[in-house]
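One line per chain: the protein sequences are A and B, in this order.
Residue numbers are given in numbering that gives the first Met the number 0: position 280 of the first sequence equals residue 279, and the series is strictly consecutive.
Residue numbers are given in numbering that gives the first Met the number 0: position 130 of the second sequence equals residue 129, and the series is strictly consecutive.
Hints are computed from structural coordinates only; laboratory data are not their basis.
There's no promise every hint is true.
Said to hold, decoys possible - Where chain A lies over chain B, by a calculated footprint (3+ residues, C-beta under 8 Å):
(1) 11-25
(2) 60-68
(3) 96-108
(4) 136-148
What the hints assert, rightly or not - Partial list, derived from the structure: chain A residues whose beta carbon lies under 8 Å from chain B:
(5) R6
(6) V37
(7) V249
Glycine included, every Cβ here is placed at the ideal spot set by N, Cα and C.
If you want the building blocks of each chain, they are given just below.
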Amino acid sequence: MKPAPLRLVRARTLDDVWRAFAESSGDAKAIAGGQSLVAMLNLRLATPHTLIDLSGVDDLRRLSVSPTEIRVGAMVAQRTAEHDPDLRQVFPVMSRAVSHIGHPQIRSRGTVGGNVAHADPSSELPALMVLVDATMEVVGPRGPRRIPAVDFFQGPYTTALGDDEILANIVIGREAIDRHYGFHEIARCRGAFAMTGVIGSIDSSPSSVRVALFGVAPTPVRVELGALGLMESWGSADFDRALLEHYTEVLSPNDDFQATANQRLSYAGVCTKKVVHELVG
Amino acid sequence: MNSSADSPTRLDVEMVVNGEPVRRAIEARTLLIDFLRTELGLTGTHNGCSYGVCGACTVLVNGVAARSCIALAAQLDGATIETIESVSHTERGQEILETFSRCRGLQCGFCTPGVVMTLVELDRRIETPNRDEIEDSIDGHLCRCTGYAGIKEAVDQTLGRVGR
Chain A
0 MKPAPLRLVR
10 ARTLDDVWRA
20 FAESSGDAKA
30 IAGGQSLVAM
40 LNLRLATPHT
50 LIDLSGVDDL
60 RRLSVSPTEI
70 RVGAMVAQRT
80 AEHDPDLRQV
90 FPVMSRAVSH
100 IGHPQIRSRG
110 TVGGNVAHAD
120 PSSELPALMV
130 LVDATMEVVG
140 PRGPRRIPAV
150 DFFQGPYTTA
160 LGDDEILANI
170 VIGREAIDRH
180 YGFHEIARCR
190 GAFAMTGVIG
200 SIDSSPSSVR
210 VALFGVAPTP
220 VRVELGALGL
230 MESWGSADFD
240 RALLEHYTEV
250 LSPNDDFQAT
260 ANQRLSYAGV
270 CTKKVVHELV
280 G
Chain B
0 MNSSADSPTR
10 LDVEMVVNGE
20 PVRRAIEART
30 LLIDFLRTEL
40 GLTGTHNGCS
50 YGVCGACTVL
60 VNGVAARSCI
70 ALAAQLDGAT
80 IETIESVSHT
90 ERGQEILETF
100 SRCRGLQCGF
110 CTPGVVMTLV
120 ELDRRIETPN
130 RDEIEDSIDG
140 HLCRCTGYAG
150 IKEAVDQTLG
160 RVGR
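Chain A on its own, in the form it takes in the complex (with noise of 0.2 Å):
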């Protein structure tokens, strides 16, 4: 297998991506680390006219790690975030989650924006975005915007991105660097798409609890376990009566051969209950 015949222009600027989206007719497509993008040309998923591969663009590759503030260029590989020594003492669910992306082989290629731009519905990063309010810096020939993740996401492998803009970095503030951190996801073997997982976080008290979840929706969804209430009911039976009840209302999982939607709520449960255990006991 490979890509229909396509034309390829290596920017090295930012400016060469507009002049390249301007000069492209329409049917072009950014590609980062191509980890995903590639697959679906070979499997002719794809068929972009025009590929503009951001590698080159230095600008789109910072990572800057303080305490008050990270921020991710979306060129940044996976397993330059996986392993960058600041990002895993300040922020290190970030890693935790880039560690479930693929395989090492992959997150060698594959890019933080490129995963977080790609909106895979099953995908780790888009619900940790999510969870902790993300800024999603995108930026195009009109200029540059400030999305927040819970807009940029619109549905399966959608996003609120411009057909001539792109992902240029991405921040997380200091309220998310400040919580603790649950993560667990259910797959068919590691490295495998998750069926079902769930990231979680805490500031201080149960009531703060909150979870992203990813695997059951056309986008990640985000739930306040601790303001609805639910977190009151912890370790009770009451808790995961009322955590299905709730999960049934507001996941729309899909049957697909991987699992049933009935498995994934499920899972969604079981993933949830793992989390909030690592965060609170």
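Since the structure of chain A is already known, use the hints to place chain B on it.
Only chain B this time, still in chain A's reference frame:
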């Protein structure tokens, strides 16, 4: 001065492949695996699934294991590539290949070039990779013959996890 073939459909790429500088004008859609196998005749790297799952096509790109079936060659201008053909050129590489043979880490051999390249990367690390990293890496390879026991044994022996 060479005349450049560079256009968005046909691009010049330069790489260092197994220590040799190469330069070709290629179609924009050329995958790294097809560049290696067809342009350079390096057929040791195998194309299994073509979408990044099976790991047979794994090579080292700038020293790091990556799938050559889901990498566009034109995105890798200036990169250093190492394939299975380079492994036997070093003493350490010979040891790795002999360990695979001794441990029966292969049967039909289709997946082996990829597994070996992943192991070459792990083996070069200054810090010994932990069990989790080793398993995560080897999990990135599908083998339909051996049942993995021999592969894992070869990996463990190479990385000094168990006595020889």
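Checked hints:
| no. | hint | verdict |
| --- | --- | --- |
| 1 | 11-25 | violated (count 0) |
| 2 | 60-68 | holds (count 6) |
| 3 | 96-108 | violated (count 0) |
| 4 | 136-148 | holds (count 3) |
| 5 | R6 | 4 Å, holds |
| 6 | V37 | 4 Å, holds |
| 7 | V249 | 32 Å, violated |
Violated hints, listed in ascending order, are 1, 3, 7; each of the other numbered hints is respected by the structure.
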